[in-house]
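Chemist: Line by line, the protein sequences are chains A and B. Just so we're aligned: 214 in this note's numbering is position 213 of the first sequence, and the numbers increase by one with no gaps anywhere. Just so we're aligned: 263 in this note's numbering is position 262 of the second sequence, and the numbers increase by one with no gaps anywhere.
To be clear, the hints were calculated from the coordinates, so they are not data collected in a lab. Just to be clear, a hint being listed does not mean it is correct.
Said to hold, decoys possible - Facing chain A, a subset of chain B residues (Cβ under 7 Å, in silico):
hint : residue
1    : LEU47
2    : LEU70
3    : ASP94
4    : VAL100
5    : THR104
6    : ALA289
We treat Cβ as the ideally placed atom computed from N, Cα and C, and that holds for glycine.
Number of protein chains: 2
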Amino acid sequence: MAQLPTVEDVARVANVSRQTVSNVLNSPEIVKEATRTRVLAAIGELGYRPHASARRLRTQKSSTIGIRLEPVRNGISGSVLDTFLHALTEQADRRGMRVLLFTADDAAAEIEQIRRLRDGADVDAFVLTSTSYQDARVEWLIENNVPFATFGRPWGTEDNPDPRHLWVDVDGRAGVSEATRHLLDGGAQAVAYIGWPSGSGAGDDRHRGWREALEERGLASGDLHVAVEDSVANGRAAAEQLLSSARRPDAIVCASDTLALGARLAASAVGLDDLPIIGFDNTPVAEAVGLSSISQPLEGVAAGVLELLLGPTGNSVRTRGEFSEEPTNRLLAPRLVERRSTHLALDENTGL
Amino acid sequence: MAQLPTVEDVARVANVSRQTVSNVLNSPEIVKEATRTRVLAAIGELGYRPHASARRLRTQKSSTIGIRLEPVRNGISGSVLDTFLHALTEQADRRGMRVLLFTADDAAAEIEQIRRLRDGADVDAFVLTSTSYQDARVEWLIENNVPFATFGRPWGTEDNPDPRHLWVDVDGRAGVSEATRHLLDGGAQAVAYIGWPSGSGAGDDRHRGWREALEERGLASGDLHVAVEDSVANGRAAAEQLLSSARRPDAIVCASDTLALGARLAASAVGLDDLPIIGFDNTPVAEAVGLSSISQPLEGVAAGVLELLLGPTGNSVRTRGEFSEEPTNRLLAPRLVERRSTHLALDENTGL
Numbered sequence: 002m003a004q005l006p007t008v009e010d011v012a013r014v015a016n017v018s019r020q021t022v023s024n025v026l027n028s029p030e031i032v033k034e035a036t037r038t039r040v041l042a043a044i045g046e047l048g049y050r051p052h053a054s055a056r057r058l059r060t061q062k063s064s065t066i067g068i069r070l071e072p073v074r075n076g077i078s079g080s081v082l083d084t085f086l087h088a089l090t091e092q093a094d095r096r097g098m099r100v101l102l103f104t105a106d107d108a109a110a111e112i113e114q115i116r117r118l119r120d121g122a123d124v125d126a127f128v129l130t131s132t133s134y135q136d137a138r139v140e141w142l143i144e145n146n147v148p149f150a151t152f153g154r155p156w157g158t159e160d161n162p163d164p165r166h167l168w169v170d171v172d173g174r175a176g177v178s179e180a181t182r183h184l185l186d187g188g189a190q191a192v193a194y195i196g197w198p199s200g201s202g203a204g205d206d207r208h209r210g211w212r213e214a215l216e217e218r219g220l221a222s223g224d225l226h227v228a229v230e231d232s233v234a235n236g237r238a239a240a241e242q243l244l245s246s247a248r249r250p251d252a253i254v255c256a257s258d259t260l261a262l263g264a265r266l267a268a269s270a271v272g273l274d275d276l277p278i279i280g281f282d283n284t285p286v287a288e289a290v291g292l293s294s295i296s297q298p299l300e301g302v303a304a305g306v307l308e309l310l311l312g313p314t315g316n317s318v319r320t321r322g323e324f325s326e327e328p329t330n331r332l333l334a335p336r337l338v339e340r341r342s343t344h345l346a347l348d349e350n351t352g353l
Numbered sequence: 002m003a004q005l006p007t008v009e010d011v012a013r014v015a016n017v018s019r020q021t022v023s024n025v026l027n028s029p030e031i032v033k034e035a036t037r038t039r040v041l042a043a044i045g046e047l048g049y050r051p052h053a054s055a056r057r058l059r060t061q062k063s064s065t066i067g068i069r070l071e072p073v074r075n076g077i078s079g080s081v082l083d084t085f086l087h088a089l090t091e092q093a094d095r096r097g098m099r100v101l102l103f104t105a106d107d108a109a110a111e112i113e114q115i116r117r118l119r120d121g122a123d124v125d126a127f128v129l130t131s132t133s134y135q136d137a138r139v140e141w142l143i144e145n146n147v148p149f150a151t152f153g154r155p156w157g158t159e160d161n162p163d164p165r166h167l168w169v170d171v172d173g174r175a176g177v178s179e180a181t182r183h184l185l186d187g188g189a190q191a192v193a194y195i196g197w198p199s200g201s202g203a204g205d206d207r208h209r210g211w212r213e214a215l216e217e218r219g220l221a222s223g224d225l226h227v228a229v230e231d232s233v234a235n236g237r238a239a240a241e242q243l244l245s246s247a248r249r250p251d252a253i254v255c256a257s258d259t260l261a262l263g264a265r266l267a268a269s270a271v272g273l274d275d276l277p278i279i280g281f282d283n284t285p286v287a288e289a290v291g292l293s294s295i296s297q298p299l300e301g302v303a304a305g306v307l308e309l310l311l312g313p314t315g316n317s318v319r320t321r322g323e324f325s326e327e328p329t330n331r332l333l334a335p336r337l338v339e340r341r342s343t344h345l346a347l348d349e350n351t352g353l
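Between the sequences and the hints, there should be enough to build the whole structure, so can you do that?
Modeler: In structure tokens form, the structure reads like this:
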């Protein structure tokens, strides 16, 4: 880049000391008006701009939030984190904060990246996504007194939460319960659930939502549940298994749109084009093929994360003492997005 | 964050001057070995780390690349830029560069954001996406001597390119030509094209690819082309129009997977489940519903952008003088991804 004018250049042109220029920039009220006008004129004439690194060195703030860009795992559900990143960046921008991206292959590598950015004073606070049981990253951040907030709750320690862990999450259990009740209210007798193997916080939570909705109505959940890793092929195989079993389901709720798309394919392949299927995440794919889905309020999650870190309207990361009396987390409600058709090929009115 | 040890602390513990500590960090060869060892021991003992902002102030480098996160326009094709961002961040990380995100509603706002980040010395270079004819951003960056590279070529001035504009792009025209020839080779007689209204560089380029492939074979393209804005509904309406016309196409190439999905819906609705349709961008949606599509080499685009900015293996932005003899752009070839089925509901073997 071009050589920038320095504070010395401004001082020379305005015929004042370096300190006076600094005062005009940092404490204008202590400078006489005539002097201030002369300095500002010199700043304008030269195009002088205070160096951000110098400003940061002085304030010890970077006005930057760090976030790991998670590896692209599967293109369907992955769009949720991309949408969250868009919302976070846009809202941070309105508060004068920037978002710095980094990558890492696993939790240990993420901690190492966080350590480097913290050591360099490059980042004021971190936002973490996809929390797990006994999340090593969260433990490290608390132990090292690094400001952070997570999209995802402290799975496994919800009964005894650490107030230093700021988090925002979406109530997946409530979302799946609502979807299941909706299908039962619509006349379904046997609502099946295709979820993930136990061990993931979000997965276990969503599974519980389905089970509880059946239990509320006194319905047995026994053979209506299949757990598979998240892929379209697995969703399809799981639905094939359910649809060929003795107790054939008349509706299916899935832990993801990925699984729901597989279930849709399996149902259509045996002529069950009208079998109601509800996915999770309201992804572009669900919209495109007309699948009903449970939608996470990602704008709200981004707003919540920033409010916990910066306060309702602030533009710098708060210290713990500044909000010791405030809630340290938020659990947001998802929303069921119903689509008239859950079948791609035969419907003429998807409205897309 | 915790109070960090300072260079003064190191000097005191090592019993040397502040300048000596600085020499050990910046010019270790001029410090006697015994002294150097003592200072390094003190640095290790105290956990001292040179402040990144101070380092940056000294080197005038931020080791940071800025990129605008484009607004989420439509969830299907938007995944291309998200995938590019993943690739760019991952590859930048391996070179010790970070990626800073910002948002902007239009080109003017993007220029304003770039100006602010440039003024703050926060960013060494910018990466721009989605170039347009007479791109105001490119003109501004060149005029202001700000290092940048674009994913997208200088539409409209390709015949007389400005060597200060570094760019990487994908040859969409070649991709669409190849797809069209592939359909003609497979026996199609009337390959239609659903594209965008003229005026976008990438859209005009892809359209040309289809027209040229027909002309090569001496085929008329006249009534086989419909131009619409990018949406599933528009793709569907365009395909309905084509399929009900006198010269009914027996295959369709589309400028995007969004349009191709709409075309797929229209074809299936009139029983044409086997009508070959090829989209563009090889999005997760195309994969999920089994649509053939033209895939952009996004890892290669990210690598190309970084190589133009940093050199083959460098980890800081080069000045123009450092590579005046090298090519200033790269045009990469896309690849046709064929999928056995282009129909969601009736195929049992999508392999998903």
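Chemist: Hint by hint, note whether the structure agrees.
Modeler: Each hint, compared with the structure:
1. LEU47: Not OK, violated: LEU47(B) not within 7 Å of chain A, min 13 Å.
2. LEU70: Since the shortest Cβ distance to chain A is 5 Å, the answer is holds.
3. ASP94: Since chain A brings a Cβ to about 5 Å from ASP94(B), closer than 7 Å, the hint holds.
4. VAL100: holds, 4 Å
5. THR104: Hint on THR104(B): holds, closest Cβ of chain A at ~5 Å, below 7 Å.
6. ALA289: holds, 5 Å
Of the numbered hints given earlier, the model fails hint 1 alone.
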